[in-house]
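**Student:** This is what each chain is made of:
2 protein chains.
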Amino acid sequence: MADKIFRVNMTDLTTAIEDVPADWAGHGGRGLTSTIVAAEVIPTCHPLGPNNKLVFAPGLLSGTVAANSGRLSIGAKSPLTGTIKESNAGGTAAQLLARAGCKAMIIEGLPKEDKWYSLALTPDGVTISEETELIGKGNFEVVETLSKRIEGKFGVVTIGQAGEMKLTSANVSIKDPDGGIRSNGRGGLGAVMGSKKIKFITIDPKGGKVDIADPDKFKAANRIFAKALIDHPVSQALGQYGTNVLVNIINESGGLPTRNFTQGQFEGHESISGETMHDTIEQRGGKVKHNCHPGCVIQCSQVYNDADGKKLTSGFEYESIWAMGADCCVEDLDRIAEADRIMDDIGIDTIETSVAMGVAMEAGVLPFGDGAGICRILKEEIAKGTGLGRIIGSGAGAVGRAYGVTRVPVVKNQAIPAYDPRAIKGIGITYATSTQGADHTMGYTIATNILNVGGKVDPLTKEGQVELSRNLQIATAAIDSTGMCLFIAFAALDDEKCLPALIDLINARFNLSLTGDDIVNLGKYILKTERAFNIAAGFNSADDRLPEFFYNEELPPHNVVFDFTGEEIDTFWDF
Amino acid sequence: MADKIFRVNMTDLTTAIEDVPADWAGHGGRGLTSTIVAAEVIPTCHPLGPNNKLVFAPGLLSGTVAANSGRLSIGAKSPLTGTIKESNAGGTAAQLLARAGCKAMIIEGLPKEDKWYSLALTPDGVTISEETELIGKGNFEVVETLSKRIEGKFGVVTIGQAGEMKLTSANVSIKDPDGGIRSNGRGGLGAVMGSKKIKFITIDPKGGKVDIADPDKFKAANRIFAKALIDHPVSQALGQYGTNVLVNIINESGGLPTRNFTQGQFEGHESISGETMHDTIEQRGGKVKHNCHPGCVIQCSQVYNDADGKKLTSGFEYESIWAMGADCCVEDLDRIAEADRIMDDIGIDTIETSVAMGVAMEAGVLPFGDGAGICRILKEEIAKGTGLGRIIGSGAGAVGRAYGVTRVPVVKNQAIPAYDPRAIKGIGITYATSTQGADHTMGYTIATNILNVGGKVDPLTKEGQVELSRNLQIATAAIDSTGMCLFIAFAALDDEKCLPALIDLINARFNLSLTGDDIVNLGKYILKTERAFNIAAGFNSADDRLPEFFYNEELPPHNVVFDFTGEEIDTFWDF
Numbered sequence: 000m001a002d003k004i005f006r007v008n009m010t011d012l013t014t015a016i017e018d019v020p021a022d023w024a025g026h027g028g029r030g031l032t033s034t035i036v037a038a039e040v041i042p043t044c045h046p047l048g049p050n051n052k053l054v055f056a057p058g059l060l061s062g063t064v065a066a067n068s069g070r071l072s073i074g075a076k077s078p079l080t081g082t083i084k085e086s087n088a089g090g091t092a093a094q095l096l097a098r099a100g101c102k103a104m105i106i107e108g109l110p111k112e113d114k115w116y117s118l119a120l121t122p123d124g125v126t127i128s129e130e131t132e133l134i135g136k137g138n139f140e141v142v143e144t145l146s147k148r149i150e151g152k153f154g155v156v157t158i159g160q161a162g163e164m165k166l167t168s169a170n171v172s173i174k175d176p177d178g179g180i181r182s183n184g185r186g187g188l189g190a191v192m193g194s195k196k197i198k199f200i201t202i203d204p205k206g207g208k209v210d211i212a213d214p215d216k217f218k219a220a221n222r223i224f225a226k227a228l229i230d231h232p233v234s235q236a237l238g239q240y241g242t243n244v245l246v247n248i249i250n251e252s253g254g255l256p257t258r259n260f261t262q263g264q265f266e267g268h269e270s271i272s273g274e275t276m277h278d279t280i281e282q283r284g285g286k287v288k289h290n291c292h293p294g295c296v297i298q299c300s301q302v303y304n305d306a307d308g309k310k311l312t313s314g315f316e317y318e319s320i321w322a323m324g325a326d327c328c329v330e331d332l333d334r335i336a337e338a339d340r341i342m343d344d345i346g347i348d349t350i351e352t353s354v355a356m357g358v359a360m361e362a363g364v365l366p367f368g369d370g371a372g373i374c375r376i377l378k379e380e381i382a383k384g385t386g387l388g389r390i391i392g393s394g395a396g397a398v399g400r401a402y403g404v405t406r407v408p409v410v411k412n413q414a415i416p417a418y419d420p421r422a423i424k425g426i427g428i429t430y431a432t433s434t435q436g437a438d439h440t441m442g443y444t445i446a447t448n449i450l451n452v453g454g455k456v457d458p459l460t461k462e463g464q465v466e467l468s469r470n471l472q473i474a475t476a477a478i479d480s481t482g483m484c485l486f487i488a489f490a491a492l493d494d495e496k497c498l499p500a501l502i503d504l505i506n507a508r509f510n511l512s513l514t515g516d517d518i519v520n521l522g523k524y525i526l527k528t529e530r531a532f533n534i535a536a537g538f539n540s541a542d543d544r545l546p547e548f549f550y551n552e553e554l555p556p557h558n559v560v561f562d563f564t565g566e567e568i569d570t571f572w573d574f
Numbered sequence: 000m001a002d003k004i005f006r007v008n009m010t011d012l013t014t015a016i017e018d019v020p021a022d023w024a025g026h027g028g029r030g031l032t033s034t035i036v037a038a039e040v041i042p043t044c045h046p047l048g049p050n051n052k053l054v055f056a057p058g059l060l061s062g063t064v065a066a067n068s069g070r071l072s073i074g075a076k077s078p079l080t081g082t083i084k085e086s087n088a089g090g091t092a093a094q095l096l097a098r099a100g101c102k103a104m105i106i107e108g109l110p111k112e113d114k115w116y117s118l119a120l121t122p123d124g125v126t127i128s129e130e131t132e133l134i135g136k137g138n139f140e141v142v143e144t145l146s147k148r149i150e151g152k153f154g155v156v157t158i159g160q161a162g163e164m165k166l167t168s169a170n171v172s173i174k175d176p177d178g179g180i181r182s183n184g185r186g187g188l189g190a191v192m193g194s195k196k197i198k199f200i201t202i203d204p205k206g207g208k209v210d211i212a213d214p215d216k217f218k219a220a221n222r223i224f225a226k227a228l229i230d231h232p233v234s235q236a237l238g239q240y241g242t243n244v245l246v247n248i249i250n251e252s253g254g255l256p257t258r259n260f261t262q263g264q265f266e267g268h269e270s271i272s273g274e275t276m277h278d279t280i281e282q283r284g285g286k287v288k289h290n291c292h293p294g295c296v297i298q299c300s301q302v303y304n305d306a307d308g309k310k311l312t313s314g315f316e317y318e319s320i321w322a323m324g325a326d327c328c329v330e331d332l333d334r335i336a337e338a339d340r341i342m343d344d345i346g347i348d349t350i351e352t353s354v355a356m357g358v359a360m361e362a363g364v365l366p367f368g369d370g371a372g373i374c375r376i377l378k379e380e381i382a383k384g385t386g387l388g389r390i391i392g393s394g395a396g397a398v399g400r401a402y403g404v405t406r407v408p409v410v411k412n413q414a415i416p417a418y419d420p421r422a423i424k425g426i427g428i429t430y431a432t433s434t435q436g437a438d439h440t441m442g443y444t445i446a447t448n449i450l451n452v453g454g455k456v457d458p459l460t461k462e463g464q465v466e467l468s469r470n471l472q473i474a475t476a477a478i479d480s481t482g483m484c485l486f487i488a489f490a491a492l493d494d495e496k497c498l499p500a501l502i503d504l505i506n507a508r509f510n511l512s513l514t515g516d517d518i519v520n521l522g523k524y525i526l527k528t529e530r531a532f533n534i535a536a537g538f539n540s541a542d543d544r545l546p547e548f549f550y551n552e553e554l555p556p557h558n559v560v561f562d563f564t565g566e567e568i569d570t571f572w573d574f
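Residue numbers (numbering that gives the first Met the number 0), protein chains in the order written: chain A, 0 to 574; chain B, 0 to 574.
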């Protein structure tokens with residue numbers, strides 16, 4: 000079936016199916032959401048007002064059997080950063096949207112009445128219904144209730160209480176194959192969905208399928224591509240220990256931000272490490288490997304059970320474990336898993352919220368190490384929208400402002416994740432220059448700074464970091480357009496067969512003849528489009544800087560500061 | 000005695016007296032604080048970190064007998080706006096500082112230990128002492144306790160609980176002649192003082208006096224100057240009704256922001272008007288006229304008693320009454336006076352906090368009209384630093400962000416005061432272009448738009464507004480350097496003898512021969528110095544805009560929007 004644009008106007012409560020404009024035809028995922036946001040959203044608009052739009056786009060390969068192609072991109076102007084934003088996650092929605100013939104769904108306007116709604120998307124279009132039963136409920140109850148309410152196999156996109164309250168750390172949450180939750184977490188897109196009064200969206204392709212122009216070529220390419228992914232040692236480590244394999248590695252590097260970014264190593268790292276997690280999962284009968292979407296061959300997710308063998312959480316990521324573990328000094332993996340589950344349920348970004356907790360600990364709101372306090376604040380304050388809950392639920396920057404804390408690890412008001420930019424300098428360039436605020440996934444220099452993937456760039460010197468971040472940010476923008484998980488990048492950087500196979504997959508799907516240069520140009524186009532939006536929104540190079548304390552406070556054990564000048568950072572954009 | 004710079008280093012707990020650098024010699028008040036902040040503060044520093052400095056400067060004429068010359072300028076990088084900031088207020092401190100031979104006091108650094116301090120300034124220098132007794136206390140208790148603790152006549156500069164908590168709406172508070180409080184309210188300078196762990200500063204000139212180069216010329220000029228002030232009809236109205244004379248006038252104009260800036264007129268305006276206030280004060284044996292500093296000939300302050308004839312508040316300003324009255328729809332002047340007193344006591348900006356309450360009312364935190372709720376939140380939430388208290392105490396922008404409200408009247412994160420920029424367009428240009436965030440006192444176009452002072456510019460059309468705001472902002476920057484109250488401007492605009500007399504006063508004080516052109520050039524220099532600081536801090540013309548809703552939502556009764564393009568606003572800086 001031909002791909003279409005599905006448009007939903009929440010002001011008039013009308014929907015439409017439109018042909019894909021020629022300019023948008025070659026795009027998918029992040030490339031498409033950013034193109035649409037740049038074309039249709041007034042850059043200076045209030046992110047929660049009627050002029051912002053929420054755009055959903057599966058990747059170019061989503062809905063096919065291509066390995067690891069199930070990421071859903073969501074774009075808008077971010078209420079957290081004020082920049083353009085694309086956040087992508089797994090789950091089943093991207094594949095189902097693509098099979099429903101939806102190239103992108105654009106949600107615009109705000110309802111005139113103070114009512115809540117749900118959307119139901121099928122190949123025939125979108126139906127808007129009023130919703131009352133599930134308002135105020137968490138994501139797990141939404142998914143469970145809908146599985147009883149609606150027949151058949153369908154995807155669910157939902158917001159928890161955080162999104163309803165328009166908290167700027169709110170996720171858009173996606174049902175995974177087992178009724179778990181994957182999170183489009185960064186940048187508060189759940190608040191945009193909440194501002195439009197949409198509690199959830201169901202997606203039913205009604206048996207629809209994605210057309211493949213050259214099925215044989217596609218199959219052959221997929222075989223090579225999947226093998227490259229499976230064979231890479233980082234893929235294997237991810238399958239064995241999840242992303243949490245990184246706790247010990249980053250701790251060893253001295254770049255594990257600890258106690259609100261005052262140390263680079265965490266004494267309790269063993270207790271929260273991937274190795275400990277792996278053994279605990281095995282002992283309790285969980286699953287070491289688990290896929291967030293059908294077709295994933297890496298399977299970095301897992302099912303983490305509690306001491307009684309009952310599922311506690313899945314998609315239990317390094318960045319979440321780091322944030323509550325090292326950054327908040329909580330040494331109890333079960334407690335961190337409990338908090339992770341609560342955050343999935345209320346639909347709030349684990350990175351932003353946990354870094355915010357670290358800042359709150361520095362402010363004396365709760366003591367460092369108080370995992371029970373974190374869970375209490377999540378359930379009793381954030382989920383209920385108390386004053387304290389709204390401060391912490393508005394992110395690390397908000398906590399810093401409310402409590403007068405000066406050590407606040409944010410760029411463009413978005414919390415810096417699990418890699419200290421003083422000890423791993425390449426990632427500092429990514430944090431500073433990313434079009435979307437601090438985000439490791441925008442240009443994951445850890446690959447080359449620490450994991451020796453795609454070569455080796457010494458993390459402690461300035462040399463080569465700007466170029467490394469630039470190349471990775473360009474490549475990432477392109478990968479984020481395909482629907483591919485970013486973890487294909489390890490194989491793509493090291494295995495010379497991987498990237499050509501990926502390009503072959505796209506060419507076979509659409510009957511194109513793209514080359515590697517086209518992919519690089521796509522990445523550059525996306526970054527420049529996003530940056531132009533930000534500049535029109537009022538950003539300038541002064542926003543491409545790290546907070547003052549990274550320049551002034553030495554990080555043990557290497558006792559290093561972030562020492563790039565503004566001029567050096569700005570050379571990032573010389574392309 | 001020769002004027003000196005008093006420097007206090009809170010990191011080392013050392014103090015020094017320095018000669019005045021040649022570049023600073025011609026400056027006073029705002030011109031001096033902005034010159035020093037621009038010279039010594041790193042524009043990108045965290046406002047609450049060790050690199051910000053808090054600068055106190057009496058005006059060029061402060062400490063003399065010149066009428067209305069008792070304003071104290073305080074400058075720093077603002078934690079509320081991120082811009083350079085100068086806030087000035089009356090009280091006795093400016094005159095006493097000048098008589099102590101202090102041209103400016105610069106407080107820098109942050110204490111290493113978690114202790115509180117006080118400063119005692121005399122002509123011999125500044126003494127730093129540890130303070131424990133008054134920590135956690137309100138401003139009134141500080142003033143009262145010090146009057147028992149310390150002998151003689153001295154000035155007090157203090158912070159309440161808001162400043163201790165580093166809330167970004169915190170005042171620096173100044174004792175007035177009667178033990179009341181005047182507030183350097185805008186921009187959160189109290190938080191900067193709190194970050195430096197200084198609870199209060201006492202000022203004792205030990206009998207010191209300000210030298211006058213030509214006493215006879217000075218006396219003659221002061222006679223003309225004072226007469227011009229006394230004779231102007233606006234001065235007389237201010238003496239009769241206080242600044243609150245404006246409630247009925249601005250309501251009549253349709254520019255009285257009501258119910259969180261959704262209407263331009265307030266049904267309950269009579270109950271909160273200057274006329275009602277005047278009659279109430281007379282009935283209860285208060286004082287209709289009261290001076291905030293010795294030598295004021297306008298006396299717009301008053302003593303407002305409660306129903307039992309006991310003093311409730313003084314310095315009860317139009318902007319405070321408007322904000323709690325019209326903007327929050329509270330029709331009870333006694334309740335507003337109670338809230339005004341509490342805000343003076345905890346040391347928090349009445350404009351910022353009350354506009355924040357209006358946004359909180361729109362968010363449903365408390366109902367519109369709930370004056371008792373305002374007082375409860377002030378006492379039980381803000382003074383105690385609860386989560387809700389910290390949100391509201393962080394200003395209107397913070398409330399908007401925490402509750403996802405889109406109608407948030409701020410520019411550069413500072414609350415827009417009592418004049419709607421849709422119905423009074425000149426003041427919109429001032430809000431947008433001011434170097435310090437939305438602030439009516441930076442270029443008070445109400446004079447010409449509404450009061451027909453200095454001519455007449457129709458408030459509802461765009462014509463002439465940019466020029467009007469520009470001329471007034473230049474003149475204001477110069478007036479703010481003299482130590483003069485801004486209310487001399489009415490006479491200066493209409494009475495041709497007033498401004499020459501003011502220039503004669505300065506010339507006679509310092510043996511200079513300044514002309515009107517010099518004063519204009521001083522004003523231009525100050526604005527450009529401040530703007531250069533802001534640009535270096537990361538601001539650009541995108542920050543010189545009003546919030547989106549002023550462009551999109553029509554304000555009754557005139558049903559007008561703010562319709563200046565960005566390009567039109569930016570012509571402000573063509574000088």
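What the hints contain is simulated information worked out from the structure, not anything from laboratory work. Just so you know, not all the hints are guaranteed correct.
List time: in silico DSBU-like cross-link candidates among lysine-lysine, alpha-carbon distance up to 35 Å [claimed, not checked]:
hint: 1; chain 1: A; residue 1: 136; chain 2: B; residue 2: 378
hint: 2; chain 1: B; residue 1: 226; chain 2: B; residue 2: 136
hint: 3; chain 1: B; residue 1: 286; chain 2: B; residue 2: 226
hint: 4; chain 1: B; residue 1: 527; chain 2: A; residue 2: 527
hint: 5; chain 1: B; residue 1: 136; chain 2: A; residue 2: 383
hint: 6; chain 1: B; residue 1: 196; chain 2: B; residue 2: 3
hint: 7; chain 1: A; residue 1: 196; chain 2: A; residue 2: 216
hint: 8; chain 1: B; residue 1: 216; chain 2: B; residue 2: 152
hint: 9; chain 1: A; residue 1: 378; chain 2: B; residue 2: 136
hint: 10; chain 1: A; residue 1: 111; chain 2: B; residue 2: 461
hint: 11; chain 1: A; residue 1: 383; chain 2: A; residue 2: 114
hint: 12; chain 1: B; residue 1: 226; chain 2: A; residue 2: 383
hint: 13; chain 1: B; residue 1: 378; chain 2: A; residue 2: 383
hint: 14; chain 1: B; residue 1: 378; chain 2: A; residue 2: 378
hint: 15; chain 1: B; residue 1: 378; chain 2: B; residue 2: 309
hint: 16; chain 1: B; residue 1: 383; chain 2: B; residue 2: 114
hint: 17; chain 1: A; residue 1: 461; chain 2: A; residue 2: 218
hint: 18; chain 1: A; residue 1: 461; chain 2: B; residue 2: 286
hint: 19; chain 1: A; residue 1: 378; chain 2: B; residue 2: 383
hint: 20; chain 1: A; residue 1: 136; chain 2: B; residue 2: 3
Computed Cβ-Cβ distance ranges for the label pairs, DEER-style [said to hold, decoys possible]:
hint: 21; chain 1: B; residue 1: 379; chain 2: A; residue 2: 41; range: 38 to 46 Å
hint: 22; chain 1: B; residue 1: 261; chain 2: A; residue 2: 269; range: 56 to 64 Å
hint: 23; chain 1: B; residue 1: 39; chain 2: A; residue 2: 41; range: 37 to 45 Å
All C-beta atoms in this analysis are idealised placements derived from N, C-alpha and C, irrespective of residue type, glycine included.
**Student:** Run the distance test for residue 461 (chain A) versus residue 218 (chain A): straight-line Cα separation, threshold 35 Å.
**Tutor:** Not satisfied, since the Cα-Cα distance of roughly 43 Å exceeds 35 Å.
**Student:** Does the Cβ distance between residue 261 (chain B) and residue 269 (chain A) fall inside 56 to 64 Å?
**Tutor:** 58 Å, holds
**Student:** Given the hinted pair residue 136 (chain B) and residue 383 (chain A), is their Cα-Cα distance within 35 Å?
**Tutor:** OK: residue 136 (chain B) and residue 383 (chain A) at ~32 Å, within 35 Å.
**Student:** Within a Cα-Cα threshold of 35 Å, do residue 378 (chain B) and residue 309 (chain B) meet the stated pairing?
**Tutor:** 20 Å, holds
**Student:** Mind checking the alpha carbons of residue 136 (chain A) and residue 3 (chain B) for me, to see if they're no more than 35 Å apart?
**Tutor:** Roughly 65 Å between the alpha carbons, so the hint for residue 136 (chain A) and residue 3 (chain B) is violated.
**Student:** Check the hint pairing residue 226 (chain B) with residue 383 (chain A) against an upper bound of 35 Å on the C-alpha distance.
**Tutor:** 61 Å, violated
**Student:** Quickly compare the C-alpha distance for residue 461 (chain A) and residue 286 (chain B) to 35 Å and report which way the hint goes.
**Tutor:** 68 Å, violated
**Student:** A range of 38 to 46 Å was offered for this pair. Does it hold for the Cβ distance of residue 379 (chain B) and residue 41 (chain A)?
**Tutor:** 41 Å, holds
**Student:** For the pair supplied as a hint, residue 226 (chain B) and residue 136 (chain B), confirm whether the alpha-carbon distance does not exceed 35 Å.
**Tutor:** Status violated; Cα separation ~42 Å.
**Student:** Are residue 39 (chain B) and residue 41 (chain A) spaced within 37 to 45 Å by their CB atoms?
**Tutor:** 40 Å, holds
**Student:** Hinted pair, alpha-carbon criterion (35 Å max): residue 527 (chain B), residue 527 (chain A). Please report holds or violated.
**Tutor:** 33 Å, holds
**Student:** Check the hint pairing residue 216 (chain B) with residue 152 (chain B) against an upper bound of 35 Å on the C-alpha distance.
**Tutor:** This hinted pair holds, its Cα atoms lying about 30 Å apart.
Taken one by one, the earlier hints fail for this structure at numbers 2, 7, 12, 17, 18 and 20, listed in ascending order.
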